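Participant: Here are the chains, one letter per residue:
Protein chains: 4
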Amino acid sequence: MRPLRLGMVGGGPGAGVAPAHRRAARMDGRFELVAGAFSRSADANRAMGGELGIAPDRVYRDFTAMAEAEARRGDGIECASIVTPNDTHAAASLAFIRKGIDVICDKPMAKSLSEALEVERAAAERGVLFALTHNFSAYPMVAEARHQVSSGELGAIRVVAVEYAQGTRNRLIEAEGDAKMAWRVDSAIAGPSTVLGDIGTHAHHLLRRMTGLEIESLAAELTTMVPGRVADDNAFVSLRFRGGARGQFWASMVAAGNGHGLRIRIFGEKASLHWDDERPDELLLRADNAPYRTLRRGEAYLCEAARYLSRTNAGIPEGYFGAFANIYSDAAEVIRARRDSRPPNPCASSFATAHDGVLGMAFIEAAVASHKNGGAWTAATLDARP
Amino acid sequence: MRPLRLGMVGGGPGAGVAPAHRRAARMDGRFELVAGAFSRSADANRAMGGELGIAPDRVYRDFTAMAEAEARRGDGIECASIVTPNDTHAAASLAFIRKGIDVICDKPMAKSLSEALEVERAAAERGVLFALTHNFSAYPMVAEARHQVSSGELGAIRVVAVEYAQGTRNRLIEAEGDAKMAWRVDSAIAGPSTVLGDIGTHAHHLLRRMTGLEIESLAAELTTMVPGRVADDNAFVSLRFRGGARGQFWASMVAAGNGHGLRIRIFGEKASLHWDDERPDELLLRADNAPYRTLRRGEAYLCEAARYLSRTNAGIPEGYFGAFANIYSDAAEVIRARRDSRPPNPCASSFATAHDGVLGMAFIEAAVASHKNGGAWTAATLDARP
Amino acid sequence: MRPLRLGMVGGGPGAGVAPAHRRAARMDGRFELVAGAFSRSADANRAMGGELGIAPDRVYRDFTAMAEAEARRGDGIECASIVTPNDTHAAASLAFIRKGIDVICDKPMAKSLSEALEVERAAAERGVLFALTHNFSAYPMVAEARHQVSSGELGAIRVVAVEYAQGTRNRLIEAEGDAKMAWRVDSAIAGPSTVLGDIGTHAHHLLRRMTGLEIESLAAELTTMVPGRVADDNAFVSLRFRGGARGQFWASMVAAGNGHGLRIRIFGEKASLHWDDERPDELLLRADNAPYRTLRRGEAYLCEAARYLSRTNAGIPEGYFGAFANIYSDAAEVIRARRDSRPPNPCASSFATAHDGVLGMAFIEAAVASHKNGGAWTAATLDARP
Amino acid sequence: MRPLRLGMVGGGPGAGVAPAHRRAARMDGRFELVAGAFSRSADANRAMGGELGIAPDRVYRDFTAMAEAEARRGDGIECASIVTPNDTHAAASLAFIRKGIDVICDKPMAKSLSEALEVERAAAERGVLFALTHNFSAYPMVAEARHQVSSGELGAIRVVAVEYAQGTRNRLIEAEGDAKMAWRVDSAIAGPSTVLGDIGTHAHHLLRRMTGLEIESLAAELTTMVPGRVADDNAFVSLRFRGGARGQFWASMVAAGNGHGLRIRIFGEKASLHWDDERPDELLLRADNAPYRTLRRGEAYLCEAARYLSRTNAGIPEGYFGAFANIYSDAAEVIRARRDSRPPNPCASSFATAHDGVLGMAFIEAAVASHKNGGAWTAATLDARP
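Protein chains in written order, with our numbering: chain A, 1 to 386; chain B, 1001 to 1386; chain C, 2001 to 2386; chain D, 3001 to 3386.
Careful: at least some of the hints might be erroneous.
Partial list, derived from the structure: chain B residues whose beta carbon lies under 10 angstroms from chain A [as the list claims (entries may be wrong)]:
#1 Met-1001
#2 Pro-1003
#3 Glu-1163
#4 Ala-1165
#5 Gly-1167
#6 Arg-1171
#7 Ser-1187
#8 Ile-1189
#9 Pro-1192
#10 Ala-1219
#11 Thr-1223
#12 Trp-1250
#13 Val-1254
#14 Leu-1284
#15 Lys-1372
#16 Ala-1376
No lab work stands behind these hints, which were simulated from the structure alone. Quick caveat, the model's predicted, so the values are computed rather than measured. Yeah, the Cβ is synthetic: ideal placement off N, Cα and C, and Gly gets one too.
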């Protein structure tokens, strides 16, 4: 099967997440990178194009030029991968969407809820795929957790505790000249809450994906812990879900020594699920009056989606590369299916949708509003918005 | 060395925590149980006295009679252990304190802050020991954590995450006729917040003991998750500490499958500490840019207090019995030292003091006030009180 | 219920395991220590008697004097606890057995198989209890493992891997003047194989207790790793069991940094059990094509014996003290039952029997013989002996 | 940088390890698959070529035809990847080596020591790369372990315990028609010891790579546990290393419920290393009298090679795909360096060499000889061979 032609926006020399996108695109052989606008620096742009073996005439000045030119080619790109800093996610996405080109975009979806809504609308109107790379939710055992919840193994959910807490920014790194880090603590680029935009949205999506719950209202306490920092770097959010469940949310960049630190626990009437993305192949299921169970990726007893998203036997860790590749390969499946006028494999759903991205932005904006209002309970649903 | 003479209030047949107190008193051979008022049922009282080999004339109708009679004997009890339900902790304590008899009391200290303050004052006036059995804080590695914090290993503390979340009451057990459980979900006996009084105070004391931080204000969300239950059973509390640190607190009785569930993490500028009371012999110390370290009970590199509170080699778990016995043995050391007119061993401090108990009650009352006020930030210090 | 009167042989100041025996005897209130021959030093003997509150006339010069005198008293000891170095276990046991006094003895049973057989015969003839304190096999989850094997959960056992590997003697500690350690590496006191006698027998008993398998033959490689040491300090033994199962056994005193290091895994046709005595409350049960299960001490789903041997709720670790106290309390139950002419509670079987001790000595002697014979396969059964 | 042109032998539809090789080749973009002889079935061969987008004229009947034709092309393959069953590894390797084409070959190297020696000689004579995919030794933390040993952190090694024990074949799967499994338990294809050839050599290479020790002699017990099976399925091997260290080796296909099961522990005079390939990003370093340390992949404190072999931050698991890709990318680096007449990066050494493969075959043959000789100690060095 011919790989799909992919173009990339961002991902110049030294970029953070772009190499992971490129490995993810390559791993299952379903994409071929043929065009790019990698850097605003012409030199860096050209160098990266050369390193990646891109034909010089398909290394573009910017995403606008790339969308224009590629849309005109017979062998133009079939999908664009957006891996720029947060503030251009929406604009770059729109440039390709409006040309009818499918988009895979790094998170968060946009800098604001209104931007995100615009992207969502545009993708719906043009009928193109918008896939958001909440890659930590693309592990097979996240799908299994969703299955366990849906199939009633836990009973009604009562409490969710989710956290994404790292120590990567517990010094004033923005003063230390690391370009990869600098923009992430600059709210002009990263959005209204740096800690929620940069990492909090991963935790937000993970909890929604695993539980199927929607947040009704929240009370937030955003703090800046590192002296001299302008942006926030720690967020505690209390959650009330539709249906009465409660949640505790923590996102932090100053949790020294906490590792990667994305963890979730879901407590239902009868049992609980526990998942830690540092051990993504294990899902703990703990019911009252029963031995603790550890479900393992790669086993035949898992749900169909968990098996679909997996490539190796149980006990052989697939890690981050497997999860990230799931998103690209699932996007390829959706794109191919549309061309073949067939329904895509229903398990090919490891990516977040435009609507997921919109809700992520709504969450950030509600949290910022609550914080500004002394931590008051604040509606986080879309219909509560004007 | 002659064991101290101990009397016990509560702990009749079927009582929950009393056997643990008796084992703790016995284990190091520093107490001899010689008197008791075990049950309000005369038959049960007599039966328990017989089972424990107590002379019949020292099995008392109630704590008042016991305090009176034992105070008059030349060989009267030297210490009273209070293991009744919460609502009589203060009254029973006062009965012995006023006779000049030292007291070891189960937590929480009282049903209200004002009661707790009365006990604290009375103990101070009579110069007797009031030792509160926050036994989960009596593990050696809790002392080590305090030492690591004090010695600056973490730098200034920024974030504390503490939780005590169990699933033991995730059904309506109060309707199932278990006497041991019934009173615990009855706020008339258990106090204004059942979940905070019954288990939350353990987490509250643990965080204060490990960090040395004091809570300035808090925002609480108390919930009743089990249909038909009168009392609360889940509490989320956001904390602001003096000096600017922030905290996230969770106490729950409906965390299905969560085990014993007392865990704490302390994040400082440079490193963090992680402790789980299901593995009490391990303390994780995680600094940036250094291998994770696991400190183990029983090792020579630990601080003096951690070594003092330990009895076996590293790798041989001491468990709950060791921690609980620490409290009794430390109380014995303090009582003996006073009689010998010498300072007690400074490491003999595994128990909570009356002041710790008072702050526990202040925490509960502030949390209830915040909750009633829509989760508003509420002062939790004693000096903020009228 | 009146506690049984206990006498102790060994356990003078600085002794290693004696305090654990005393705590174990006290913890459940079923024994009262009333006599002792604690040390061959008259001063140390007297001092320890005083510290333990023993009447001076019941502090004896040696075990012979103690057995004589106590047997003549109306209120003489009802049970003797032997906690001396290995070389006097048999002689001391025999002194009490021959007076009809029940015995609880630290492991290994004797210095040789023939001594052990003599003790076994004597105890059988006098009808007294001989309980060997293989305390690491007295954890509740060891009983549960036995139950899982017996009930066929694993299918026929194929492979057993057991190890007891510590680093406590990975320096030439016998040259450093630690009396507690010195005799343990002296084969004149510790027996023909120090590493097998001192710790290997614990692993040997654990594997027999959990699996019910008996060793048919073995091939051993005993080594001395620490330069200057006379005794062996590392043993690898390959095992063939009756019925065809195979085993791998490792005992070591030079496994630097391995913690307490007693671990066992049992692999059957369908599933395996995994247990580590540093986390004694957990038993892992892993079947093919099923989630891994962790069985936890304190849960209602465990077998009757595992519940009988437990005192606290799941998640609250009982540790070493609980396991050791099980042996004393079970011995008390057996002694009481015999006096009451009733069968003892069948769950009261946490101690090793004289026959277990005999097999332990047979194992050591077979291993030594195999090693001397270049690691040749050597019969380890009693009936293979002349 | 242009990717190297790769051809593949084996890896038709349903093949086991071939997809992992293809992903490994693709992931870092350093190879492009352009030719293949995927299957002896012409249909399957053609189908796989089509699926992989290989030009039809470069899908070959067999490896001989492929070596011939590709060697003649100007744009012929620059490297051959051999992923057939064990019995053709040597013949296929030789076909390419003799044409001067570099080879990446799945393990074990050959069916016999003499075959392996022939391949080693041929590669040396032609000056081509022979890289053996002991992929479980290609994890970054394996390199770190080597570094810790080399730098003396453990002192002299005393004991090594290594195991690779799985339950994948604990039923008579060869009777169940799974082609992927059938040949692996057929010693005609898998070699003289199935369990050692198929998985044991991975453990053997891992221990050599981590410790740098060479085996002097061994005593083996090979067993067939599953009724009806012809090949062996469980191996216990005692090891004596040059210099006096001892080792315990276990390879099994009948360890039900043991997961992937490749684990190693290395005990030195001062400290030990512990590694489990199910958690490949963690390396435990445990010294006496010091906190346990957990070294984590991705951290700056690791040795240069460990950092070189890693792609993501600590806490984000790279898993199997990362390790496998290391082998391909390191092979590419060695090939490129030779063409560029520069030394390759010295860290690019995650693959096993021909000499490693030869020693793996010597190990198997010595173990089989020992077993046939009643478990007698048998030399395992090359110079002990005629």
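Participant: All hints are to be evaluated individually against the structure, with a verdict given for each.
Facilitator: Results of checking the hints against the structure:
no.: 1; hint: Met-1001; in the structure: violated (44 angstroms)
no.: 2; hint: Pro-1003; in the structure: violated (40 angstroms)
no.: 3; hint: Glu-1163; in the structure: holds (8 angstroms)
no.: 4; hint: Ala-1165; in the structure: holds (8 angstroms)
no.: 5; hint: Gly-1167; in the structure: holds (6 angstroms)
no.: 6; hint: Arg-1171; in the structure: holds (8 angstroms)
no.: 7; hint: Ser-1187; in the structure: violated (20 angstroms)
no.: 8; hint: Ile-1189; in the structure: violated (24 angstroms)
no.: 9; hint: Pro-1192; in the structure: violated (20 angstroms)
no.: 10; hint: Ala-1219; in the structure: holds (6 angstroms)
no.: 11; hint: Thr-1223; in the structure: holds (6 angstroms)
no.: 12; hint: Trp-1250; in the structure: holds (6 angstroms)
no.: 13; hint: Val-1254; in the structure: holds (6 angstroms)
no.: 14; hint: Leu-1284; in the structure: holds (8 angstroms)
no.: 15; hint: Lys-1372; in the structure: violated (14 angstroms)
no.: 16; hint: Ala-1376; in the structure: holds (7 angstroms)
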